[in-house]
Amino acid sequence: MRCLLLATLLAGCDAIELSGVTPVDVGPDPAADTLPSDAWTPATRADLRMKRWRQLSQDLSGALKLQPDELCRETGNFDCNEIHVVPLGGVSIDNGLYAPIDGASVTTGLAIERVLLSACWNRLQRDLNGEESPVVFTAIPLEETVLEDDAADRQATLLWQRLLARDPSAEELAAARALHPGVVADGGRNAEWALGLCVALGTSSEFLFY
Amino acid sequence: MPLDRDRRRLLQGLLATGSLGGALGLGGALGLPGMGRVQVARAEDGDPRFLIIMGCFGGASMIDCFMPVARRDAAVVDGRGRVISHDVVRVDGTPFSCVDRAAPRSFIERHHQDMVVLGTQSSSVNHFVAQARWVNGRDVHRGRTMAEMVSLAHGADMPLPNVNMGRGGYAVTGTDPTLDPRYRAEVVTNPVTFPLSTHGSKGVIPVGDTGAADPEVLGRLMQRTRAFRDEELEALSPFSRTFVNSRRRRDLLVNRRGSDPELEARQLIERLLYVPDLGEILPLGEYGLTTNPEAERILDEFRRAMPYNTSGTPRDRLDAQAALTYLLLRNGASAAVTLTEPGTDGFLAFDQSHQDHAAAQATHWDRTLTAASKLIELLSVAPYVNAEGTIDGTLWDRSMVVFATEFGRDKWETHDGFGTGHHLNNGLLAISPLLAGGQQLGEADPDSGFICGFDRETGAPTPFTELGPGEDPLFSDPRLPPGEEEVCGTLLAALGVSYEGQRTIPVMLG
Numbered sequence: 001m002r003c004l005l006l007a008t009l010l011a012g013c014d015a016i017e018l019s020g021v022t023p024v025d026v027g028p029d030p031a032a033d034t035l036p037s038d039a040w041t042p043a044t045r046a047d048l049r050m051k052r053w054r055q056l057s058q059d060l061s062g063a064l065k066l067q068p069d070e071l072c073r074e075t076g077n078f079d080c081n082e083i084h085v086v087p088l089g090g091v092s093i094d095n096g097l098y099a100p101i102d103g104a105s106v107t108t109g110l111a112i113e114r115v116l117l118s119a120c121w122n123r124l125q126r127d128l129n130g131e132e133s134p135v136v137f138t139a140i141p142l143e144e145t146v147l148e149d150d151a152a153d154r155q156a157t158l159l160w161q162r163l164l165a166r167d168p169s170a171e172e173l174a175a176a177r178a179l180h181p182g183v184v185a186d187g188g189r190n191a192e193w194a195l196g197l198c199v200a201l202g203t204s205s206e207f208l209f210y
Numbered sequence: 001m002p003l004d005r006d007r008r009r010l011l012q013g014l015l016a017t018g019s020l021g022g023a024l025g026l027g028g029a030l031g032l033p034g035m036g037r038v039q040v041a042r043a044e045d046g047d048p049r050f051l052i053i054m055g056c057f058g059g060a061s062m063i064d065c066f067m068p069v070a071r072r073d074a075a076v077v078d079g080r081g082r083v084i085s086h087d088v089v090r091v092d093g094t095p096f097s098c099v100d101r102a103a104p105r106s107f108i109e110r111h112h113q114d115m116v117v118l119g120t121q122s123s124s125v126n127h128f129v130a131q132a133r134w135v136n137g138r139d140v141h142r143g144r145t146m147a148e149m150v151s152l153a154h155g156a157d158m159p160l161p162n163v164n165m166g167r168g169g170y171a172v173t174g175t176d177p178t179l180d181p182r183y184r185a186e187v188v189t190n191p192v193t194f195p196l197s198t199h200g201s202k203g204v205i206p207v208g209d210t211g212a213a214d215p216e217v218l219g220r221l222m223q224r225t226r227a228f229r230d231e232e233l234e235a236l237s238p239f240s241r242t243f244v245n246s247r248r249r250r251d252l253l254v255n256r257r258g259s260d261p262e263l264e265a266r267q268l269i270e271r272l273l274y275v276p277d278l279g280e281i282l283p284l285g286e287y288g289l290t291t292n293p294e295a296e297r298i299l300d301e302f303r304r305a306m307p308y309n310t311s312g313t314p315r316d317r318l319d320a321q322a323a324l325t326y327l328l329l330r331n332g333a334s335a336a337v338t339l340t341e342p343g344t345d346g347f348l349a350f351d352q353s354h355q356d357h358a359a360a361q362a363t364h365w366d367r368t369l370t371a372a373s374k375l376i377e378l379l380s381v382a383p384y385v386n387a388e389g390t391i392d393g394t395l396w397d398r399s400m401v402v403f404a405t406e407f408g409r410d411k412w413e414t415h416d417g418f419g420t421g422h423h424l425n426n427g428l429l430a431i432s433p434l435l436a437g438g439q440q441l442g443e444a445d446p447d448s449g450f451i452c453g454f455d456r457e458t459g460a461p462t463p464f465t466e467l468g469p470g471e472d473p474l475f476s477d478p479r480l481p482p483g484e485e486e487v488c489g490t491l492l493a494a495l496g497v498s499y500e501g502q503r504t505i506p507v508m509l510g
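Those protein sequence lines, which keep their order, are chains A and B. The first sequence begins at 1 in the numbering used here and counts up one residue at a time. The second sequence begins at 1 in the numbering used here and counts up one residue at a time.
Please keep in mind that the hints were generated in silico from the structure rather than gathered at the bench. Where hints are given, some of them may not hold.
To be verified - With the C-beta cut set under 10 angstroms, the calculated list includes, among others, these residues of chain A facing chain B:
#1 W40
#2 R45
#3 M50
#4 N77
#5 V86
#6 A104
#7 V115
#8 W121
#9 V183
#10 R189
#11 E192
#12 L195
#13 G196
#14 L197
Claimed, not checked - Computed list of lysine to any residue pairs in SDA-like fashion (alpha-carbon distance at most 20 angstroms, straight line):
#15 K51(A) to R247(B)
#16 K51(A) to R248(B)
#17 K51(A) to V254(B)
#18 K65(A) to G130(A)
#19 K65(A) to R166(A)
#20 K65(A) to P134(A)
#21 K65(A) to R154(A)
#22 K51(A) to L164(A)
#23 K374(B) to P433(B)
#24 K51(A) to D230(B)
#25 K374(B) to A102(B)
#26 K51(A) to G103(A)
#27 K374(B) to G393(B)
#28 K51(A) to L253(B)
#29 K51(A) to D251(B)
#30 K51(A) to T242(B)
#31 K374(B) to P293(B)
#32 K51(A) to N245(B)
#33 K51(A) to R166(A)
#34 K51(A) to F239(B)
#35 K51(A) to P238(B)
We put the CB at the ideal spot given by N, CA and C, even for glycine.
Same shape as in the complex, but just chain A:
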């Protein structure tokens, strides 16, 4: 009987319902339906680590050409790396937290979005204000609402290169261009399209994990 029990499990039954316990269910894998027949082979040992606050800061600082203390300050005063230290994978010796939490807390995703939104916005403002030569958002007319495809592709490519260290695929460029009309309809300009793209790339799992 015990062999049968173990065999049943080893055969790979997916969900074991425990009273009062719901297995974590991420829902259908978003990639599953889009994989072509010569499909990507998922890694069997997908042991990823999430960048902690220091790695996140360093990578963003390099990608967006900002000093670490220019990336994110809550209400302009409080260093985001201190405010969100625990969800961003840090420790808090003062509070007796000597080891970082394993993985994501409930607020990790939101904290990351705040950091990225702030960093991308700060870079955008510097490139918009003209006090120095634009560094990141250089390929498009930021304050306008009309965007040519080739300009959009150039700007998108720059962001992919800076944040993900690679060129985007044709499909990715098409998806980025397709974002623009909705942003303008919502009251944004080219600047907001670029801001959204920056935040999306910077909060993607490709940027956050290694």
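Please arrange chain B on chain A, whose structure you already have, making use of the hints.
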């Protein structure tokens, strides 16, 4: 097919806890030991219960608060000194005595009808181990903490069911790998600024008229950005497609679909914020943020919860923790909240007893009792709105505050300004309308300082009658008080949580 890591971890966890048969509903049929069905029952009326744990970091000694030995009765023994004793006052109209100080006396006067003071016997004198055992009942149920169990039972509809502002062993998560991660503790180190972590965009950009500076434009932009990221980028990225099986990546994506939108929809960024706009120091209005309408009332009670430096550190962390605890319960965000007394030095708290026992115990008992009393007062006037939308009593009617006292201290005054080490024998304080309140269970022996146990049905004390001055009971003495398993099992039962093998103390439940 080789067993992948996630399934392997699950299988190991189930086997280790003897729950495998229960999980598959096979338990008794297999005749395997320890296999029974796990039940986590909700309270009969389906309404939530709230657990607040006050972690008394360092060891809060009950004979220095609610079970004191009177000076005139304390034994004096050559080579040992005098049993720790105090001027004791009996509070009229209650069954309780306390050390003659304002804070314990006031606490009894205000809350005696909901108080249960009982002797306890810890199983460790290691700080972290003892702390953890008083929040998990010494692995009473699958390695889950009490907060996790209460969150699981009552926090399914809450965005932050289990919040932990504790440290050390009070902040240790449970060890059950099968527990839905939603019920693990959300660690909060700064109650002042934590609300800012509950929204992905609000308050990030100074408010203006153009583009993303317009909060409405920003809100729509973030929705569109997230949809683009989650539905397009993640699907097209070669990295994401390669590492689609990563558990850590999937945890983040699950939160993005579930808890993140819930946190934002409830506007917790403002509902949990109790600090007002402070101009240049904290320009909330400039960033489109407002504070909770009850902020002024909360700060009247917890004056030292305000920040005092550019890191947003509160002047008194315990006050700040209590303020946030109230707001979490008041806004239906949490079912279980853990606080920990950080101490006047921010670290040792009750463990300052090593240097000066009397002063440390007095200071930190007063601090924790005062904070808890204010919190209870706020909860006592906060209406509870049930699922039908009608007011059904108060939040306090369905709450419990547990003083997790960690372990006791040595029982002897050896000289002026004496210090004490750790000791297994102690007591615990629980306050709740859900308990049979107004009871003291056990009493301190003036000949040894040990707190005795009690009859579990009647509450009658079981004193160490034949032991003389200076004679300690053996640790195998059956008259010693209950340990973590019984006490935590009882507290959980009062909170509507049941599990196989649960041990309770009937006299506490009434």
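We went through each hint and held it up to the structure:
1. Checking W40(A) against chain B by beta carbon gives a least distance of about 4 angstroms; that is within 10 angstroms, so the hint holds.
2. The beta carbon of R45(A) comes within 8 angstroms of a beta carbon in chain B, closer than 10 angstroms, and the hint placing it at the interface holds.
3. Nearest Cβ of chain B to the Cβ of M50(A): about 6 angstroms, under the 10 angstroms cut. The hint holds.
4. Hint status for N77(A): holds, given a least beta-carbon distance of 6 angstroms to chain B, under 10 angstroms.
5. Interface restraint check for V86(A): the shortest CB-CB distance to chain B comes to about 5 angstroms, inside 10 angstroms, so the restraint holds.
6. Annotation: A104(A) was flagged as interfacial toward chain B, and the flag holds, the nearest CB pair being 5 angstroms apart, inside 10 angstroms.
7. Below 10 angstroms, beta-carbon pairs count as interface contacts, and V115(A) has one with chain B at about 9 angstroms; its hint therefore holds.
8. Look at W121(A): its Cβ gets to within about 5 angstroms of chain B, closer than 10 angstroms, so that hint holds up.
9. Among the interface hints, the one on V183(A) holds; its C-beta lies about 6 angstroms from the nearest C-beta in chain B, closer than the 10 angstroms criterion.
10. Among the interface hints, the one on R189(A) holds; its C-beta lies about 6 angstroms from the nearest C-beta in chain B, closer than the 10 angstroms criterion.
11. Given the 10 angstroms rule on beta carbons, the hint for E192(A) holds: about 5 angstroms separates it from the nearest Cβ of chain B.
12. At its closest, the beta carbon of L195(A) sits 6 angstroms from a beta carbon of chain B; the interface hint therefore holds under the 10 angstroms criterion.
13. With its C-beta approaching chain B no nearer than about 4 angstroms, G196(A) sits inside the 10 angstroms limit, and its interface hint holds.
14. Interface hint at L197(A): satisfied, since its Cβ lies 8 angstroms from the closest Cβ of chain B, which is below the 10 angstroms cut-off.
15. Distance check on the hinted pair: K51(A) and R247(B) sit about 15 angstroms apart at the alpha-carbon level, within 20 angstroms; holds.
16. For the proposed pair K51(A) and R248(B), the alpha carbon gap of about 11 angstroms is at most 20 angstroms, so the pair holds.
17. For the proposed pair K51(A) and V254(B), the alpha carbon gap of about 18 angstroms is at most 20 angstroms, so the pair holds.
18. Taken as a hint, the K65(A) and G130(A) pair is honoured in the structure, with Cα atoms around 15 angstroms apart against an allowance of 20 angstroms.
19. Distance check on the hinted pair: K65(A) and R166(A) sit about 17 angstroms apart at the alpha-carbon level, within 20 angstroms; holds.
20. Restraint check for K65(A) and P134(A): satisfied, since their Cα atoms lie roughly 10 angstroms apart, inside the 20 angstroms limit.
21. A threshold of 20 angstroms between alpha carbons decides the hint, and for K65(A) with R154(A) the separation of about 18 angstroms falls inside it, so the pair holds.
22. The hinted pair formed by K51(A) and L164(A) meets the criterion: a straight-line CA distance of about 14 angstroms does not exceed 20 angstroms.
23. For the given pair, K374(B) sits about 16 angstroms from P433(B) by alpha-carbon distance, which is consistent with the 20 angstroms threshold.
24. A hinted pair counts as satisfied when its Cα atoms are at most 20 angstroms apart, and K51(A) with D230(B) qualifies at roughly 19 angstroms.
25. For the given pair, K374(B) sits about 14 angstroms from A102(B) by alpha-carbon distance, which is consistent with the 20 angstroms threshold.
26. At roughly 10 angstroms between alpha-carbon atoms, K51(A) and G103(A) fall within 20 angstroms of each other, so this suggested pair holds.
27. For the hint pairing K374(B) with G393(B), the CA-to-CA distance comes to about 19 angstroms; that is within 20 angstroms, so the pair holds.
28. With a C-alpha separation of about 15 angstroms, the suggested pairing of K51(A) with L253(B) holds against the 20 angstroms cut-off.
29. Restraint check for K51(A) and D251(B): satisfied, since their Cα atoms lie roughly 15 angstroms apart, inside the 20 angstroms limit.
30. Straight-line distance between C-alpha atoms of K51(A) and T242(B) comes to about 18 angstroms, which keeps the hinted pair within the 20 angstroms bound.
31. With a C-alpha separation of about 18 angstroms, the suggested pair K374(B) and P293(B) falls inside the 20 angstroms cut-off, and the hint holds.
32. Note on K51(A) and N245(B): the hinted pairing holds, with a Cα-Cα distance of about 18 angstroms set against a maximum of 20 angstroms.
33. With a C-alpha separation of about 18 angstroms, the suggested pairing of K51(A) with R166(A) holds against the 20 angstroms cut-off.
34. About 15 angstroms separates the Cα atoms of K51(A) and F239(B), which keeps this hinted pair within 20 angstroms; it holds.
35. Pair hint K51(A) plus P238(B) holds up; C-alpha atoms about 19 angstroms apart against a cutoff of 20 angstroms.
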